[in-house]
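First to last, the sequence lines map onto chains F and V.
Anchor point for the first sequence: position 124 equals 288 in my numbering, and the numbering is continuous, going up by one each time.
Anchor point for the second sequence: position 4 equals 1163 in my numbering, and the numbering is continuous, going up by one each time.
These aren't lab readings, by the way, just hints derived from the structure by calculation.
Hints may contain errors.
Unchecked claim - Interface residues of chain F toward chain V, partial, derived using beta-carbon atoms under 7 Å:
1. Leu168
2. Lys169
3. Ile187
4. Tyr211
5. Met215
Stated by the list, open to error - In silico negatives: residues of chain F with every beta carbon more than 10 Å from chain V:
6. Ala167
7. Phe172
8. Asp178
9. Phe179
10. Leu192
11. Gly210
12. Asp231
13. Thr259
14. Thr261
15. Asp262
16. Gly272
17. Ser289
18. Pro291
19. Lys293
C-beta atoms are modelled at their ideal positions from N, C-alpha and C, and glycine is treated no differently.
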Amino acid sequence: MPALKKCFHIKGRDFNHAGQASITVQNLLKKLNFAPAMIRRVSICGYEGEMNVVMHGGDGLFCAEIDTDRITVEISDDGPGIEDIARAMEKGFSTATDEYREMGFGAGMGLSNMEKNSDQMDIESTPGKGTIVRMLFQTAETDSSQGA
Amino acid sequence: MMKPRAYVNFDESFCTGCTKCVRACPTKAIRIRSGRAAIFEQLCIGCGECIRVCPEGAVTSTISYQSFEKSGRVSVAIVSPILYAQFPGVMPCDVLTGLNRIGFDHAIDLSYYLEMYQFAAEEFIARNREHCETPWPLISPICPVISRLIALKYPNLLAHILPLKPPVGMVGPEVRRQISQKYGVAESDIVLYHLTPCPSKLVPLEGDALAELPNVDLALGINDIYPKLLEAVESIKDRDLSLYPFQQLCFVPNARGPMWGMSGGEIAGMNVDRVLAVSGLQETIGYIEKIEMGLFRDMEYIEFRACSEGCLGGPLTAVDKYVARSTVQKLIKMFGMGRRIQRSKLRRLYDKGSFFPRTRPAEKRQKFAGSDPALSIEEMQRIEQILSQTPGNDCGVCGAPDCRTFAEDVARGHADLNDCYRFMLDKYTR
Chain F
165 MPALKKCFHI KGRDFNHAGQ ASITVQNLLK KLNFAPAMIR RVSICGYEGE MNVVMHGGDG
225 LFCAEIDTDR ITVEISDDGP GIEDIARAME KGFSTATDEY REMGFGAGMG LSNMEKNSDQ
285 MDIESTPGKG TIVRMLFQTA ETDSSQGA
Chain V
1160 MMKPRAYVNF DESFCTGCTK CVRACPTKAI RIRSGRAAIF EQLCIGCGEC IRVCPEGAVT
1220 STISYQSFEK SGRVSVAIVS PILYAQFPGV MPCDVLTGLN RIGFDHAIDL SYYLEMYQFA
1280 AEEFIARNRE HCETPWPLIS PICPVISRLI ALKYPNLLAH ILPLKPPVGM VGPEVRRQIS
1340 QKYGVAESDI VLYHLTPCPS KLVPLEGDAL AELPNVDLAL GINDIYPKLL EAVESIKDRD
1400 LSLYPFQQLC FVPNARGPMW GMSGGEIAGM NVDRVLAVSG LQETIGYIEK IEMGLFRDME
1460 YIEFRACSEG CLGGPLTAVD KYVARSTVQK LIKMFGMGRR IQRSKLRRLY DKGSFFPRTR
1520 PAEKRQKFAG SDPALSIEEM QRIEQILSQT PGNDCGVCGA PDCRTFAEDV ARGHADLNDC
1580 YRFMLDKYTR
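Work the whole structure out from these sequences, hints included.
Pasting the structure below:
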């Protein structure tokens, strides 16, 4: 049985619908009876990733592949890309504008939070072309997960 | 386990099968079957949206039409202050007098308990502020619909519900004792009626883990007593308070009670800084989903109300919520929002544990456990596959609120593929 794959378009700067992909996936995982901690990790990472695209990446695609023991989330966009990935991963590093900070985003915790809450995370980015973030979540070890 | 009952009744003779309630239901508990509304009772959280949207008046609260009649027993009205807001230009005391005229022997104004609750909530937040294990934000336990929604759909968040008794739950056995002394009757000869704007205040199932009102006997919808009460209130011309035995209960008038009915009214009376008030089911669900994703952790307390504009917008109110709100605003101007209960007394009660319910919120899940069985990935794939063949425009012809729910119903064996006109067409045109 192949894994269940769901993809959603993310529209850049559309804050009214931002988060919809993560919420839909979250509801799906609940119906599939995944462990609460697992759902929480996927939701937190999905949401952070989705918001990154909404704020920086322009339009993008959010794909979740769900299997009984593992979930992968791939978030890709055709935005400006990340110049220095290592730097972007640092806690507190942020390129968010003042406007976004006023909205409560841009604390520079997004990527590090995603790394902390996923079991594996890869970022592929070409400046000027776009970014792909892949995250893997595994059921077995995560039932008593650390959460957020 | 006892079978849960829905909080609403559908009258088949009025139902036209129009699907308005099907679409309005936040837990997708209603379907049209053979042209009439049918409900998955275990999914009903008592929000009353179906009562509101039904154009035929076919949906009623299970507590409706329990008309109040004077009996040989001492009848006591436990008055939600939302009742005052139903009578523009009338003083709260006169509303209570009106209750006396329509046959209640005694009235207990809940404002007192609301203030106790507000204190207890403040105290809980202040004492737990520094504990990192407290699941911020805390969620107000006041709206029973929200608590049930969380128990049913977001059980991970049950720990966020502030573990305090709601005000009506504080109407303790001592009240019954006092009344029995005052009227010289046995406690069994007293009936406590909760007058409420909410279809879900009294749980229709005995032994319900959600029931925190062990000392209340019956709930009456405000709209059910309104016509009689209006007549009585209008007849009060000469206000001779000495005539009425329960004038003492109209203790210092204060707008805290009526204010409570407005969205934001609960937190307005509390000394907590990082608070939010959200009303309306759609908005509430949006917030709850975000809390589940780890947002709003910088908030301490969120007041959710299923009804838009708060309890003044309850399905069992008599007057329009905006008119009611204007009445409350006048009462605030007149009476202010001062505190009436001594802090030291409340602190003693708090330390004694008087504000804490026996049922911890986490136990609420039990009632709803298994009501929405989990699906396997194979079933979910079948759902996606069915969904891709449906028209996808949520037309409602099949009797489900949307195509996805229809597909789920088929996978769960609650519906037949041919209930969808698209599958039906394919069958005959192939």
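Original post:
Looking back at the numbered hints, which does the structure fail to meet, lowest number first?
Top reply: Violated hints (numbers, rising): 2, 5, 6, 10, 11, 12; every other hint is consistent with the structure.
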